[in-house]
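Asker: Here is what each chain is made of, one letter per residue.
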Amino acid sequence: MRVFARFLPRRAPSVLPGFGPALGFALAYLSIIVLMPLAALVLRPAELGFSGFVAVATQPRVLAALRLSFGASLIAAAINAVFGMIVAWVLVRYSFPGKRLVDALVDLPFALPTAVAGVALTALYAPNGWIGRLLQPLGIEVAFTPLGVVVALVFIGLPFVVRTVQPVLQDLDREVEEAAASLGASRWQTIVRVILPAILPALLTGFALALARGVGEYGSVIFIAGNMPLVSEIAPLLIVIKLEQYDYAGAAAVGVAMLSISFVMLLILNLLQRWHRGH
Amino acid sequence: MATETKAPAASPAAPATAAAIGEPAWARNLLIALGLGFIGLFLVLPLVAVFIEALSNGIGAYLAALHTPDTLAAIRLTLLVAAIAVPCNLVFGVIAAWAIAKFEFTGRSVLITFIDLPFSVSPVISGLVYVLLFGAHGWFGPWLVANNVQIIFAVPGIVLATIFVTFPFVARELIPLMQEQGTEEEEAALSLGANGWQTFWRVTLPNIKWGLLYGVLLSNARAMGEFGAVSVVSGHIRGLTNTMPLHVEILYNEYNFVGAFAVASLLALLALVTLVLKSLLEWRFGHELAVTRH
Numbered sequence: 015m016r017v018f019a020r021f022l023p024r025r026a027p028s029v030l031p032g033f034g035p036a037l038g039f040a041l042a043y044l045s046i047i048v049l050m051p052l053a054a055l056v057l058r059p060a061e062l063g064f065s066g067f068v069a070v071a072t073q074p075r076v077l078a079a080l081r082l083s084f085g086a087s088l089i090a091a092a093i094n095a096v097f098g099m100i101v102a103w104v105l106v107r108y109s110f111p112g113k114r115l116v117d118a119l120v121d122l123p124f125a126l127p128t129a130v131a132g133v134a135l136t137a138l139y140a141p142n143g144w145i146g147r148l149l150q151p152l153g154i155e156v157a158f159t160p161l162g163v164v165v166a167l168v169f170i171g172l173p174f175v176v177r178t179v180q181p182v183l184q185d186l187d188r189e190v191e192e193a194a195a196s197l198g199a200s201r202w203q204t205i206v207r208v209i210l211p212a213i214l215p216a217l218l219t220g221f222a223l224a225l226a227r228g229v230g231e232y233g234s235v236i237f238i239a240g241n242m243p244l245v246s247e248i249a250p251l252l253i254v255i256k257l258e259q260y261d262y263a264g265a266a267a268v269g270v271a272m273l274s275i276s277f278v279m280l281l282i283l284n285l286l287q288r289w290h291r292g293h
Numbered sequence: 075m076a077t078e079t080k081a082p083a084a085s086p087a088a089p090a091t092a093a094a095i096g097e098p099a100w101a102r103n104l105l106i107a108l109g110l111g112f113i114g115l116f117l118v119l120p121l122v123a124v125f126i127e128a129l130s131n132g133i134g135a136y137l138a139a140l141h142t143p144d145t146l147a148a149i150r151l152t153l154l155v156a157a158i159a160v161p162c163n164l165v166f167g168v169i170a171a172w173a174i175a176k177f178e179f180t181g182r183s184v185l186i187t188f189i190d191l192p193f194s195v196s197p198v199i200s201g202l203v204y205v206l207l208f209g210a211h212g213w214f215g216p217w218l219v220a221n222n223v224q225i226i227f228a229v230p231g232i233v234l235a236t237i238f239v240t241f242p243f244v245a246r247e248l249i250p251l252m253q254e255q256g257t258e259e260e261e262a263a264l265s266l267g268a269n270g271w272q273t274f275w276r277v278t279l280p281n282i283k284w285g286l287l288y289g290v291l292l293s294n295a296r297a298m299g300e301f302g303a304v305s306v307v308s309g310h311i312r313g314l315t316n317t318m319p320l321h322v323e324i325l326y327n328e329y330n331f332v333g334a335f336a337v338a339s340l341l342a343l344l345a346l347v348t349l350v351l352k353s354l355l356e357w358r359f360g361h362e363l364a365v366t367r368h
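Residue numbers (this note's numbering), protein chains in the order written: chain A, 15 to 293; chain B, 75 to 368.
Treat the hints with care, as some may be off.
Across the chosen pairs, the derived CB separations fall in these ranges [as the list claims (entries may be wrong)]:
(1) A:Y260 / B:N131: 38 to 46 angstroms
(2) B:H211 / A:T72: 22 to 30 angstroms
(3) A:A69 / B:G270: 55 to 63 angstroms
(4) B:I186 / A:L149: 41 to 49 angstroms
(5) A:A42 / B:R150: 39 to 47 angstroms
(6) B:R358 / A:L197: 41 to 49 angstroms
Listed next, the stretches of chain A that the computed footprint assigns to chain B, with coverage defined by at least 3 CB atoms under 8 angstroms from CB atoms of chain B [unchecked claim]:
(7) 39–49
(8) 54–66
(9) 70–77
(10) 118–127
(11) 232–246
(12) 254–266
Taking lysine to aspartate or glutamate pairs in the DMTMM-like style, the calculated list, with each CA pair at most 20 angstroms apart, reads [said to hold, decoys possible]:
(13) B:K176 / B:E259
(14) B:K176 / B:E258
(15) A:K113 / B:E259
(16) B:K176 / B:E261
(17) A:K113 / B:E258
(18) B:K283 / B:E259
Hint data in this document are derived by calculation from the structure and do not stem from the laboratory. No residue lacks a Cβ here, since even glycine has one placed at the ideal position from N, Cα and C.
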């Protein structure tokens with residue numbers, strides 16, 4: 015334990031006991047459960063070599079799956095950004111009967127097991143389901159198409175946007191709005207020029223969280239997607255398929271490709287936010 | 075959560091201000107309708123569908139679907155896995171929060187980032203990493219086979235994957251809470267002659283008990299409901315390595331819809347109970363939780 019104490023020097027000496035053992039245990043547990051397994055993920059594709067990794071990542075089936083996973087996540091996160099903002103606005107600014115219940119319900123996608131969401135959405139949007147039956151005469155097929163993937167990801171992502179925008183909207187100073195109004199701004203101008211810029215960073219964060227969650231989502235998607243190779247097969251499913259064929263390095267390569275693209279997208283969003291704050 | 079701030083009618087300036095910083099009634103109603111409609115379509119309807127599908131052949135068929143050996147085995151396994159994974163992460167969360175929140179050291183924020191890592195990893199990847207370590211062709215696979223230890227496609231793998239996906243819940247609730255509470259009360263207890271354990275049990279623990287319960291509640295819901303990570307490591311052996319969410323999938327793929335939705339309805343009930351308890355905690359003890367104080 016002394017090692018840790020020297021390795022991570024304490025700045026302010028504390029009279030509380032147990033720092034060494036507590037930090038030692040936390041680091042050991044973290045390493046065994048999280049860091050060592052993730053190291054295996056990063057190192058495993060190395061046995062393919064760089065060209066082997068690129069060969070796996072650019073297989074048509076892998077490319078199609080990555081395109082679907084990221085494309086559907088982007089669309090779903092965009093839908094959630096719009097409706098999540100409306101839900102947050104309504105919950106913060108207006109009063110209506112059952113508001114507390116609706117507020118609590120927003121967290122349902124966090125609490126409901128993804129497999130349950132998956133079978134329920136499939137039952138609703140299948141051609142003979144409650145919603146599918148209404149859409150079929152219009153020529154819209156949701157279940158077992160890429161559109162189904164988007165529907166599942168909208169379900170999964172909604173609370174991320176609402177729960178990041180809601181507290182910011184709550185803390186917003188109403189006096190600024192009053193000031194804008196008294197200076198002659200119309201309500202619409204106040205919303206677009208005063209309120210929207212204030213909640214934009216939170217909105218972007220919520221969008222990024224929903225996007226990241228959507229890319230990795232598995233349980234709610236595989237039931238409704240139909241899982242047709244090259245059409246409605248998501249990247250996480252491809253990992254499962256490669257594992258079933260004992261292609262461990264290939265599975266890890268798809269996983270690393272997914273994580274790298276997510277990382278780059280989150281980095282871009284982060285930079286956007288910094289740029290926005292700089293203005 | 076939010077209390078509506080209506081402009082006080084008594085104030086003379088109120089009518090003008092309210093009109094200036096509020097929306098016209100039609101816009102207000104339109105936004106409420108859009109928000110509630112979206113929630114109804116995407117959240118309420120799927121939830122209702124679970125129960126209606128489960129009861130579509132009557133309550134008798136519902137109960138019969140639940141009372142099958144495989145379903146009961148799945149329920150038992152889910153309870154067992156949660157009973158191991160949640161206490162493990164509870165102990166880790168408290169100990170990690172003690173080190174991170176009560177002491178100053180370099181590398182603290184890196185440590186917090188590492189603890190949050192499992193939340194940003196796809197559930198499938200959370201299962202995959204353990205297959206890469208302990209699977210037949212994994213790093214430790216040959217050694218495990220030689221010593222006749224099975225982790226992947228067995229209960230230990232399911233427990234490990236569940237611990238991974240629920241790893242951050244307790245720690246990330248406790249760290250900000252304990253940081254905010256500081257170390258003064260503990261220092262007072264120590265100076266009055268209490269030893270370290272007494273200080274922890276009598277001072278620290280009572281201060282964090284509601285936050286702890288909140289973290290346990292969320293990690294339990296995730297532990298019992300996890301699908302992707304567990305699916306990768308389980309091997310789907312009926313009656314042996316099938317948790318409730320995996321059993322939903324098997325029954326659904328066999329076109330046993332009443333059975334699938336019956337098991338799903340139990341998980342949905344778990345989610346509803348979790349939401350009610352979570353709201354109660356936020357409402358009653360919100361000032362003692364980290365999440366509700368930004």
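Asker: Next step is simple, just say for each hint if it's right about the structure.
Answerer: For each hint, the structure was consulted:
1. A:Y260 / B:N131: 38 to 46 angstroms: holds (41 angstroms)
2. B:H211 / A:T72: 22 to 30 angstroms: holds (24 angstroms)
3. A:A69 / B:G270: 55 to 63 angstroms: This hint holds: roughly 57 angstroms between Cβ atoms.
4. B:I186 / A:L149: 41 to 49 angstroms: Holds - the Cβ-Cβ distance for I186 (chain B) and L149 (chain A), about 45 angstroms, lies within 41 to 49 angstroms.
5. A:A42 / B:R150: 39 to 47 angstroms: At 31 angstroms between Cβs, range violated.
6. B:R358 / A:L197: 41 to 49 angstroms: holds (43 angstroms)
7. 39–49: holds (count 8)
8. 54–66: holds (count 3)
9. 70–77: Violated - the region 70–77 of chain A has 0 residues with a Cβ nearer than 8 angstroms to chain B, which falls short of three.
10. 118–127: That given contact holds, which follows from 10 residues of the region 118–127 of chain A lying within Cβ reach (below 8 angstroms) of chain B.
11. 232–246: n = 3 at 8 angstroms, threshold three: holds.
12. 254–266: holds (count 6)
13. B:K176 / B:E259: OK: K176 (chain B) and E259 (chain B) at ~11 angstroms, within 20 angstroms.
14. B:K176 / B:E258: Given that 20 angstroms is the threshold and the Cα spacing comes to 10 angstroms, the pair holds.
15. A:K113 / B:E259: violated (39 angstroms)
16. B:K176 / B:E261: holds (11 angstroms)
17. A:K113 / B:E258: Given pair K113 (chain A), E258 (chain B) is violated - Cα atoms ~40 angstroms apart, limit 20 angstroms.
18. B:K283 / B:E259: Measuring from Cα to Cα gives roughly 15 angstroms; hence the hint holds.
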